[in-house]
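S.K.: Residue-level listing of the chains:
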Amino acid sequence: MIFNMTLLCEMVSIGIFTGAMYALMALGFSLIWGILNLFNFGHGGLYMFGAYLTWVLVSQLGMNLILSIFLTFIVMFLMGMFIEVLLIRPLGKYRGRDEWMMGTVVVTLMVAIFFEAGALSIFGGNFKTLPSLIDKVLQIGSFRLSYQMIISFALAVFLIWVMWRFLKSTKSGLAMQAMSQENEGAQMVGINPSFIYILTFGISAAFAGTAGSLLAPIYNIYPGVGWQAFGKAFVVVMIGGLGSISGTIYAGFLLGIIESFSNIFISVKWTPVISFVFMIFVLLVRPKGLFGIKEG
Amino acid sequence: MKLFQLHPFLLHKSSSLRNVAILFVALMLGVLPLFIKDPHMMHLMILWLVWSIVATSWAVVLGFLGIFHFAQIAFFGVGAYASALLTMSTGVTPWLGIMFGGVAAAIISLGLSLPALRLRGPYIAVVSLGFSECIRISTSNLEITGAELGIWGTAPLWQGCGKTGFYYVILGVFIIVLGFLYSLLTSKFGLALRAIKQSQISSDSIGIQIYKIKISFFFLSAFFAGVSGGLYVHYMSGVSPEIYNIAHMIDVMVMGLVGGLNSVFGPMVGAAIVFFSLENLRVIQDFRFMIYALVMILIMMFKPDGVYSLIDYFFKLADQYSIKHLNKRVGTHTH
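Residue numbers (this note's numbering), protein chains in the order written: chain A, 794 to 1089; chain B, -4 to 330.
These aren't lab readings, by the way, just hints derived from the structure by calculation.
Treat the hints with caution; some may be incorrect.
Said to hold, decoys possible - Straight-line C-alpha distance at most 25 Å; calculated DSS-like pairs for lysine-lysine:
(1) A:Lys961 to A:Lys1081
(2) B:Lys207 to A:Lys1081
(3) B:Lys183 to B:Lys32
(4) B:Lys207 to A:Lys886
(5) A:Lys1081 to A:Lys921
(6) B:Lys298 to B:Lys311
(7) A:Lys1081 to B:Lys192
(8) B:Lys32 to B:Lys192
(9) A:Lys886 to B:Lys158
(10) B:Lys207 to B:Lys183
(11) B:Lys319 to B:Lys298
To be verified - To give an idea of the interface, some chain A residues facing chain B are shown, with a C-beta separation under 10 Å as derived from the structure:
(12) Ala947
(13) Phe951
(14) Ile953
(15) Leu1035
C-beta atoms are modelled at their ideal positions from N, C-alpha and C, and glycine is treated no differently.
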């Protein structure tokens, strides 16, 4: 393989693109960990749900891609709130005990399995693909980048920015941060925990689903797609530090670039192993993650 | 209500009725091959025992140490692969291969437990998921493990050992595993495990070496899973990377949780329920995971002790009745 400037540009740009997607995926996961203190194993299932929803809206009902991404965001937001009320709230009696972790792991895992099995029985195991919005490729010299990737990237960055603004400058966002830092203290100053929990789950599900719909025109959709995405999300969150929002964003881009380099220089087959080993290494050196503040 | 309270079985002297029931079940399992003539039924019984070993070894780690992890099927697969590789390449007896499989799985488990058990909270759950995924990817990519095809053609335990022979061997191993775990959990070691599960800080302060005990119990659990993997590979005469499928891990999980984690006998009951209902009801087979999901969510919310707690409740009632009865006869009152 001849190493040249074009290849380097392509690797970096693909790395940044996937990094934005990873950050989008991992943000919701990290938020839920920080605020509800639970590992959402259903995150991949929500991603898959979002991807299928967009697929149905675009290729079955013939809607515009951007509009259906927006619709997916809203539906997934409601879905997340629904899951919180129906499944997580009844487990609230175990909160703060060992049983809480166990119960939430099982319940959220079962949510993912339920979605996967449902998608398999409704849509079958075939790969589904979506047509791109603009079926063109940006070409600068010998460097190529598809417009679809640029659009998805722009939307992902926009969403991350919106989330950032929401957390830093709205009242609800600040309340969420307060809950994440000190649960009891936040309740003492009058923050309503059930409102924050439901909001967090809604936002997290909406971001997971939107990541799914942004990636739908680029990658294939199949019922097990959520597991890969979930795997990426947790590696990102572990590297960035659990509960740290900025850490998650940095780690998303870092992992995207590492994976894109490893795809080229080692092998696509070994990339998941490499990112996992990197995560273990980070955990051994810094148990709270590279940018973490809160130890698990 | 506590989710996973420790079984009174481990705290007090076990009741006579329970002992009778256990002996009866063991006896039934012992004479079963004399009555079952259908080879398919024998095959199911063997697989049930294999899965029972895996489910038990997974469930004790959760039930008695509170560690929830997804790597048990990876240990099972590593045991199977190690045993197959050793017996195929050197031609040693499968018995040695099975032991080697157990040891290999236990050593592999250190790769997970050494970094992950230092961390508290749910880290181990996610890290173990990635760990087993890495093992799956490595196994299906490496040449030595036969890549996607796996290894086929492993020898049976001895020449001409049919299904019945295998059945008795696996039953023997299962009984040894149960007996060993039972005596271990009632010993001082078991006491330490219980202390750790209830409060890490206070058990740390009275001088229990948490990290060491966690790792050694994890090691043991992986060893049992590896041994059952070795038995499995010699029974099925081969193994492929399909064994690492997350679906199998979910089966094991559901077996353990449906059966109940409070006792070493729970997962066996759970394995029987899950395994035989999957085999016999095709309707369930098609919607397996949807039904799993609903059942597990309901169990977690309403009956987190599993099915075995119901059986145990019956034993307790019977004991109370017999004690009352005895007191009446002897003429004393104890409250």
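S.K.: Double-check Ala947 of chain A for me: the hint is only fine if its C-beta lies closer than 10 Å to a C-beta in chain B.
M.R.: 31 Å, violated
S.K.: Holds or violated: are the alpha carbons of Lys207 of chain B and Lys183 of chain B at most 25 Å from each other?
M.R.: 14 Å, holds
S.K.: Does Lys311 of chain B lie within 25 Å of Lys298 of chain B when you go C-alpha to C-alpha?
M.R.: Answer holds: Lys298 of chain B to Lys311 of chain B is near 18 Å, not above 25 Å.
S.K.: Given the hint that Lys319 of chain B pairs with Lys298 of chain B, does the C-alpha gap stay at or below 25 Å?
M.R.: 29 Å, violated
S.K.: Hinted pair, alpha-carbon criterion (25 Å max): Lys183 of chain B, Lys32 of chain B. Please report holds or violated.
M.R.: 44 Å, violated
S.K.: Is it true that the CA of Lys886 of chain A sits at most 25 Å from the CA of Lys158 of chain B?
M.R.: 48 Å, violated
S.K.: Any CB of chain B closer than 10 Å to the CB of Phe951 of chain A?
M.R.: Phe951 of chain A check fails; min Cβ-Cβ to chain B is 29 Å, beyond 10 Å.
S.K.: Decide if the proposed pair is consistent with the structure: Lys1081 of chain A and Lys921 of chain A, CA atoms, cutoff 25 Å inclusive.
M.R.: 38 Å, violated
S.K.: Verify the interface restraint on Leu1035 of chain A: the C-beta must sit less than 10 Å from at least one C-beta of chain B.
M.R.: Interface hint status for Leu1035 of chain A: holds (9 Å vs cutoff 10 Å).
S.K.: Going straight from one Cα to the other, do Lys207 of chain B and Lys886 of chain A come out at no more than 25 Å?
M.R.: Violated, at about 32 Å.
S.K.: Is the straight-line distance between the alpha-carbon of Lys1081 of chain A and that of Lys192 of chain B 25 Å or less?
M.R.: 23 Å, holds
S.K.: Report holds or violated for the interface hint on Ile953 of chain A, using the least CB-CB distance to chain B and a cut-off of 10 Å.
M.R.: 23 Å, violated
Hint compliance for this structure: hints 3, 4, 5, 8, 9, 11, 12, 13, 14 are not met, and every other hint is.
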